[in-house]
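Protein sequences, first through last, are from chains Z and H. Mapping of the first sequence onto numbering that gives the first Met the number 0: position 61 corresponds to residue 60, and the numbering continues sequentially without gaps. Mapping of the second sequence onto numbering that gives the first Met the number 0: position 5 corresponds to residue 4, and the numbering continues sequentially without gaps.
No lab work stands behind these hints: they were computed from the structure. C-beta: ideal position from N, C-alpha, C; glycine also. Do not take every clue at face value.
Per the computed footprint, the stretches of chain Z lying under chain H, defined by three or more beta-carbons under 8 Å from a beta-carbon of chain H, are [what the hints assert, rightly or not]:
1. 18–26
2. 57–69
3. 92–100
Derived lysine to aspartate or glutamate pairs resembling EDC-like cross-links, with alpha carbons at most 20 Å apart [unchecked claim]:
4. Z:K9 <-> H:E186
5. Z:K9 <-> H:E189
6. H:K283 <-> Z:D106
7. H:K95 <-> H:D181
8. H:K95 <-> H:E186
9. H:K283 <-> Z:E164
10. Z:K163 <-> Z:D106
11. Z:K105 <-> Z:E164
12. Z:K163 <-> Z:D137
13. H:K95 <-> H:E151
14. Z:K181 <-> Z:E168
15. Z:K9 <-> H:D94
16. Z:K181 <-> Z:E171
17. H:K95 <-> H:E189
Okay, here's what each chain looks like letter by letter:
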Amino acid sequence: MARAVTTQRKALNTAVAWIIGLLIFFPILWTILTSFKTEADAIANPPVLFAFDWTLENYAEVMERSNYGRFLSNSIIIAGGSTILGIIIAVPAAWSMAFVPSKRTKDILLWMLSTKMLPAVGVLYPIYLLCIQLGVLDNRFALVVILMLINLPIIVWMLYTYFKEIPGEILEAARMDGASLKEEILYVLTPMAVPGIASTLLLNFILAWNEAFWTLNLTSVDAAPLTAFIASYSSPEGLFFAKLSAASTMAIAPILILGWFSQKQLVRGLTFGAVK
Amino acid sequence: MATQHSRSAARIMMAPAVFFLLVWMLVPLCMTLWFSVRDFRPLRGGDNGFVGLENFVRFVSSSAFWPAILTTLMIVGGVLLISIVFGVLLAILLDKPMWGQGIVRILVIAPFFVMPTVSALVWKNMFMDSVNGVFAHLWRFFGADPVVWLSEVPTFSIVMIVSWQWLPFATLILLTAIQSLDSEQLEAAEMDGASPLSRFFYITLPHLSRAITIVVLIQTIFLLAIFAEIFVTTGGAFGTRTLTYLIFQRVLESQNVGLGSAGGVYAIILANIVALFLMRIVGKNLDK
């Protein structure tokens, strides 16, 4: 029996939840709105919420002066590349751990998780030095590899928990019918695993996009992604709120949209299957 | 049953992931350990030889060490407190029947997807600026003097910024956990005359305890490592230097690699203590 809820009760819940939700969302809303203001409107006192002259000039100016396209493409290459590379390495590993478990599977999974716990700052100089020695400081490919390694444990874990949910009987049935390992993976497993792989891709793309330790410390010009692009606004320069907002909006908009699709997977991915 | 054939195939399929992670973990770790016992300063003669545990002693006895530990504890503790207390309350609220639940959820979770450099800069300038920030307008509206947030209450300001990013994470996980709570149990308790408060303390909170533990552990590991939020707001000034930031400064800014590496070893030990507890819980869950 569902509990009867009075309309007043529901209205009260709705009102409180919406007020809190809007308060939490307000900094993002404010940033997006400010990005369409003139610099003068952006600092107007009292502030105006909607009734200002909407303009796109901030976007034009940001694009012009900072070569936004290069930062954007770096972000896409680094986040996308590291995610895809990670998936390629992780799918076979997660597959074998989920379907051909051995006594050591649990230990290997936990060990992988433990590498994720290694604080980045603890290995900052070695990585920095290795990048210099290999001539790949400020290099996109180096960041692809590093971010892939950082997120690999999460990718393996997420895929493992998804694969675990695929009933093993189906695979056995396929084997009985004489399917080879290749056919088994290609025609039985893959179609069932696609949703899980897609969710994993999405979440890890977001994590890699927002990563701001290695991307700030290992890039300067050529490989700098959007995290570094935004950090370049950290020293104030006259009136710049509207331009900062435009730059910020451009950096977060794509990921906000992707993020909304990945709420559910976020829980699974970041708690390593411990909360479902 | 897995055959011998599929077993060896499984091992081969696992090899690349295990190999890469092993290299990724061992090589830098060994290098950090190596540097930590040497006097290594790239700008001053490079490697000046073995110094034993001197770096470890000097890192701890430097005047910056204890303040950095204190700041780290204040930031991690503050953010945990805010995100757990408000996270539980928000999760309970969002679980209740209402109109537009999906949209509210999206509004609440959004900050988690904002990249750290953006949220830090937006808060620093558009909200905390003492002349043109939203808070300054608000303060003046009520006739108060605007606060210079990042220099007057710097640690608190950073706690606020970071909490804004992590409260959504805690809320989302706690909401997921709360939704698995059997509502009949709550109804039965209500019929037996249990007050809302005792229902919360005797049913909801115990049910959430595992999820809360997990949120605390995961957030602690991430919060110990926050970097960008300090990098673009105060740059470690005004007593906002955390352990992570102190090591960063030793290694890259003053290029004292030996000293910084010793600090890195401390950071690794600290993170591992927390990780041990987390792994225990996750490991138990695997057995089910």
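Original post:
With a cut-off of 8 Å between beta carbons, are at least three residues of the region 92–100 of chain Z near chain H?
Top reply: holds (count 6)
Original post:
Can the region 57–69 of chain Z be counted as covered by chain H under the rule of three residues or more with Cβ-Cβ separation shorter than 8 Å?
Top reply: The restraint on the region 57–69 of chain Z is violated, since only 0 of its residues have a Cβ under 8 Å from chain H and three are required.
Original post:
When you check the alpha-carbon spacing of H:K283 and Z:D106, does it fall within 20 Å?
Top reply: It holds: about 12 Å lies between the C-alpha atoms, which stays within 20 Å.
Original post:
Within a Cα-Cα threshold of 20 Å, do Z:K163 and Z:D137 meet the stated pairing?
Top reply: Roughly 39 Å separates the two Cα atoms, so the pair is violated.
**OP:** Would you check the hint for Z:K105 and Z:E164, treating anything up to 20 Å between C-alpha atoms as holding?
**Re:** Holds, at about 16 Å.
Original post:
Keeping to a limit of 20 Å between CA atoms, is the pair of Z:K9 and H:E189 held or broken?
Top reply: holds (18 Å)
**OP:** Quick one: see if chain H covers the region 18–26 of chain Z, three-plus residues with Cβ-Cβ under 8 Å.
**Re:** That given contact holds, which follows from 6 residues of the region 18–26 of chain Z lying within Cβ reach (below 8 Å) of chain H.
**OP:** Mind checking the alpha carbons of Z:K163 and Z:D106 for me, to see if they're no more than 20 Å apart?
**Re:** holds (16 Å)
Original post:
Given the hint that Z:K9 pairs with H:D94, does the C-alpha gap stay at or below 20 Å?
Top reply: holds (12 Å)
Original post:
Are the Cα positions of H:K283 and Z:E164 separated by 20 Å at most?
Top reply: Given pair H:K283, Z:E164 holds - Cα atoms ~18 Å apart, limit 20 Å.
Subject >> Restraint check for Z:K181 with Z:E171, where alpha carbons must lie at most 20 Å apart >> reply: Judged against 20 Å, a Cα distance of about 14 Å means the pair holds.
Original post:
Is H:K95 close enough to H:E186, meaning Cα to Cα at most 20 Å?
Top reply: Holds - the C-alpha atoms of H:E186 and H:K95 are around 14 Å apart, at most 20 Å.
Taken one by one, the earlier hints fail for this structure at numbers 2, 12, 13, listed in ascending order.
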